[in-house]
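Hints are included, so try docking the two chains, each in its own frame, into the full complex.
As you go down the protein sequences, you meet chains A and B in turn.
Each residue of the first sequence is one higher than the last, beginning at 189 in our numbering.
Each residue of the second sequence is one higher than the last, beginning at 357 in our numbering.
Incorrect hints may have been included.
Below, a sample of chain B positions facing chain A; criterion: calculated Cβ distance under 7 Å [what the hints assert, rightly or not]:
hint, residue
1, A557
2, M560
3, Q641
4, G651
Just so you know, the hints here were simulated from the structure itself, not pulled from any lab data.
Just so it is clear, CB atoms sit at the ideal spot from N, CA and C, and this is done for glycine as well.
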Amino acid sequence: MSTPTLRTGEPLVHAVNVSKSFHDNHVLRGIDLDVYPGQVVVLLGPSGSGKTTFIRCINQLETIDGGRIFVDGELMGYADKGGVLHRLKDKEIAAQRRDIGMVFQRFNLFPHKTVLENVMEAPIKVKGENRKVVEERAIALLGRVGLADKPAAYPGQLSGGQQQRVAIARALAMQPKLMLFDEPTSALDPELVGEVLAVMRELAASGMTMIVVTHEMGFAKEVSDHVVFMDGGVVVEEGHPNDVIGNPQHERTKLFLRRVLAEEEGE
Amino acid sequence: MTTQTMDRPGEINARPVRHPGRWVAVAIIAIVAAMMISSLVTNPKWDFGYAFQIMQQSSVINGLWMGTILGTVGSMILGVVLGVILAVMRLSDNFVLRGVAFVYTWFFRAMPRYVLLAIMASGVGYLYNKFDIGVPFGQQIAKSLGLSSDLTFFQFNWNDYSSTVWIGILGLGLSEAAYMAEIARAGILSVDKGQAEAAQALGMSPGMTMTRIVLPQAMRVIVPPTGNETIAMVKDTSLFIAANVITELYYQSTLFGSKAFKIMPGFVAATLWYLIVCSILMVGQSYLEKYYGRGFGAPTGKKRKKAEQKIIAAGADH
Numbered sequence: 189m190s191t192p193t194l195r196t197g198e199p200l201v202h203a204v205n206v207s208k209s210f211h212d213n214h215v216l217r218g219i220d221l222d223v224y225p226g227q228v229v230v231l232l233g234p235s236g237s238g239k240t241t242f243i244r245c246i247n248q249l250e251t252i253d254g255g256r257i258f259v260d261g262e263l264m265g266y267a268d269k270g271g272v273l274h275r276l277k278d279k280e281i282a283a284q285r286r287d288i289g290m291v292f293q294r295f296n297l298f299p300h301k302t303v304l305e306n307v308m309e310a311p312i313k314v315k316g317e318n319r320k321v322v323e324e325r326a327i328a329l330l331g332r333v334g335l336a337d338k339p340a341a342y343p344g345q346l347s348g349g350q351q352q353r354v355a356i357a358r359a360l361a362m363q364p365k366l367m368l369f370d371e372p373t374s375a376l377d378p379e380l381v382g383e384v385l386a387v388m389r390e391l392a393a394s395g396m397t398m399i400v401v402t403h404e405m406g407f408a409k410e411v412s413d414h415v416v417f418m419d420g421g422v423v424v425e426e427g428h429p430n431d432v433i434g435n436p437q438h439e440r441t442k443l444f445l446r447r448v449l450a451e452e453e454g455e
Numbered sequence: 357m358t359t360q361t362m363d364r365p366g367e368i369n370a371r372p373v374r375h376p377g378r379w380v381a382v383a384i385i386a387i388v389a390a391m392m393i394s395s396l397v398t399n400p401k402w403d404f405g406y407a408f409q410i411m412q413q414s415s416v417i418n419g420l421w422m423g424t425i426l427g428t429v430g431s432m433i434l435g436v437v438l439g440v441i442l443a444v445m446r447l448s449d450n451f452v453l454r455g456v457a458f459v460y461t462w463f464f465r466a467m468p469r470y471v472l473l474a475i476m477a478s479g480v481g482y483l484y485n486k487f488d489i490g491v492p493f494g495q496q497i498a499k500s501l502g503l504s505s506d507l508t509f510f511q512f513n514w515n516d517y518s519s520t521v522w523i524g525i526l527g528l529g530l531s532e533a534a535y536m537a538e539i540a541r542a543g544i545l546s547v548d549k550g551q552a553e554a555a556q557a558l559g560m561s562p563g564m565t566m567t568r569i570v571l572p573q574a575m576r577v578i579v580p581p582t583g584n585e586t587i588a589m590v591k592d593t594s595l596f597i598a599a600n601v602i603t604e605l606y607y608q609s610t611l612f613g614s615k616a617f618k619i620m621p622g623f624v625a626a627t628l629w630y631l632i633v634c635s636i637l638m639v640g641q642s643y644l645e646k647y648y649g650r651g652f653g654a655p656t657g658k659k660r661k662k663a664e665q666k667i668i669a670a671g672a673d674h
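This is chain B alone, in the form it adopts within the complex (with noise of 0.2 Å):
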């Protein structure tokens, strides 16, 4: 536009460069969802509507909440709370401490899933049928004593809690504790040994200094991984039938599907679900993020108004 004054160049009107491949690439994705179109619309196997019922069905909508989001947040708090206790085991001076936890992660990250429900269900009850929760060794001692109480203080029968939705979130979270050790122990030695001894130096105890300094900075790493474990534990809990766990949303959608010779609805209604949930556990890990994330980005909106607030307040005692 600008014509060239003198011997300055001018402003620069280049032809961009071409992407041909980038042309046949949306021509061929264009092709296949136009096929993957076609094929919901024309296929009426789909059955959206039987989909859509099964979806609203009240033993599914029971085992969304009572097996799959019941036994996500379980887990997960079982899991997290274990984890954490693992990760400080693993930082700890002392070898034994540091031992366990070594082999508890160890183990159990080794073990599929599938197969720790399945014992924790079948296995533990086969072994022990009912538990004595007393002195440890109190049969033998008070056998050997001539005692009349064999020092048990209640008994609990396992096979009681086999097939319950608790079982389920115990192997899970279980298991889930061995990822979230690593994942904490991340966390805690990515804060800066600084921020210990300052705490320390203004006297706070090693307790103290681990709730109030270290875990909350650690948060900001332990969060999006955290996230995504909890994401996938919704997809976990349709493990639950190894457990003989059946109030659980993949079990009661199929069996609908299959009841009624309609075997692709059935999995289209609990997909459905497990995309919504995750969809909904996405947004709040972003918010989660955010909030941990304080101190490291810019304020956000209710922090800088409180911000402006309390500059205003501290210039009216001058």
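Isolated chain A (complex conformation) (with noise of 0.2 Å):
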């Protein structure tokens, strides 16, 4: 089911040398990486090795101490002024997040609102939207991952594939340019993944630009064109999914894909 990759034009998201620190914990090492529009990136690694720390950074949840990133050609968090580095005001970082979507492992749904608010909030309060509109298209995002029947409900109503689901559609609401996966699955019981797996392959199949990190094989060989394998904050192996995880060249690679496997078949 992979498509080709596609390489047109220029990357909607270019990591250039990207390092973090926390304290004395360097997490990300030089990353580079480029995302070309309509692509589907995984970013596989065992704990620790910094993957959710990266995305956190391409929408600013953290802020790096070195390297660049670039979504659709805008440098972000900062401008530059005659090549001197200006700290973005809170406010023209949030606009920047504005095209990009993001899902957290935890949900993080808004527990006092409802799934139909949920969905909501955002392109009303912080586009401004008209509500009207929004509200055809909340509605029809909720049927799009299933839960037409659901609006009314509060996240504590539904099941951890069912939330994962309204967290999916309240960042489609925003009609981002680009979405965020963090580790979507992680804390779902094993027989809710697959339902939420369903709506991401849906999205990759639509031609959405994806960033994902998962511990889902299955979802990395088959709706991926490009995996990223990062061990210790830098990246150790990136190529095709047939590549990277049929035919791994690194020793750390194969460690990791072997210890993954025989957890799946232990399941």
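The following block contains the structure:
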């Protein structure tokens, strides 16, 4: 089902030499990554390899210490004024995030708002869009993720899989250019993983540009165009999923894949 | 009742545990209650008729509205608004803001409200009997530059307000803010960090994240103790006399009592009013708790009905 890698035009995400430390802990040590429009990129790696930190840097939930990240040609977090970088104001950073959707491991739906209110909140309050228009779009999106019958439920009344699908609809309601997924199925019971992956497959097939941190090898093999294996804050190996997963070159990649596949079989 | 069939044990029909201690307690309570009722009925000094008359006096009603209730509402509004601001300052990255909020909370929590009210009413007026609102150090600057104006926009005389409910509200509100700051801080910290991250990821500014996402959820933790604070505030308005504010329930009720040498009916009149006001507040508090608890329990009747309508409407699209 994997589509051929599209490399037309400029990359949508252009990350160069990105580094980040928390105190003395160097989490990212010079990451380069280009993601082209319509591509689905999967980040693999053991926990602590920096994959989650890296996608959080893309939408500025973490600030980077070195390197540059461009999304759609725009430098994230800073304004380059004649070679001198000026940190952007909070509002300007908020504006940069509007076009980037993010789905979290723990869903993070707003528990005090209904499903429909969760999906409608940002387009109305952040973009100032017309309520009627947003409501139509929100109901359509809930139908797309298979939750047309739940608009008035509160997140606390839904299963984990349903909550995560609402979270995807909420991110899509902002009509983003790029979707980031931070281990979207890791907090789910095994029997609920499939319904979320199905929504993500459909989204990938529709042409959305996606960066996905996941341990789901099946998804990586079948849906992604490009797999990046990270360990210790660096990119160890990257390429087509058939190569990286099917025929890994590096010892660390082989070790990781053996462990993950053994776990999958154990289940 | 059912006979045991074969070897399988049947219904349990055991003797309950006896609680002789409870019967002793009930007897003691009954005796004390009887003594109290006897006192209320037989001692003419209670004079409930006069207490009810005091409760209906226009000056007492006026004191209730313009002192006790206005004072409570005013000082709670000031306390909550200032308290939330202080809580946000306490959680700021800027250490000056954090420090200011900490010192404020420390000072006003340590100040007895009675002393604070006395200072507000007399002390401040003793230091400065009038306030000039204008450019900071305007008079000094104007003098050194030889200007005719002293850069003052308007003046107001502190003593004009010193015996009014406004001074009482200011004093109790400043004190309340210190307690509300701690309550609001606990509420804000109770909201999962992922909530603010999700809001930011959707492009919300820090201000919108706080007001639309974090604070409404913090309210669930903030409302119950704030209800307690409000009820406590109703009673603390009886301290207004420290600020020479006499338009207030307790002062007005006991004034009638002492004028007629019927002290106890005066106290009873004030007590009954306090009980009524606090009972109403407790009912209001439980409604507020239900409202801010939405999404954390079963949906209420109205919400469920709305939900069912939405489901039907959504179903029609397919």
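Now the hints, each set against the structure:
1. A557: Since the shortest Cβ distance to chain A is 4 Å, the answer is holds.
2. M560: holds (6 Å)
3. Q641: violated (19 Å)
4. G651: Holds. Min distance 4 Å.
Of the numbered hints listed earlier, the single one contradicted by the structure is hint 3.
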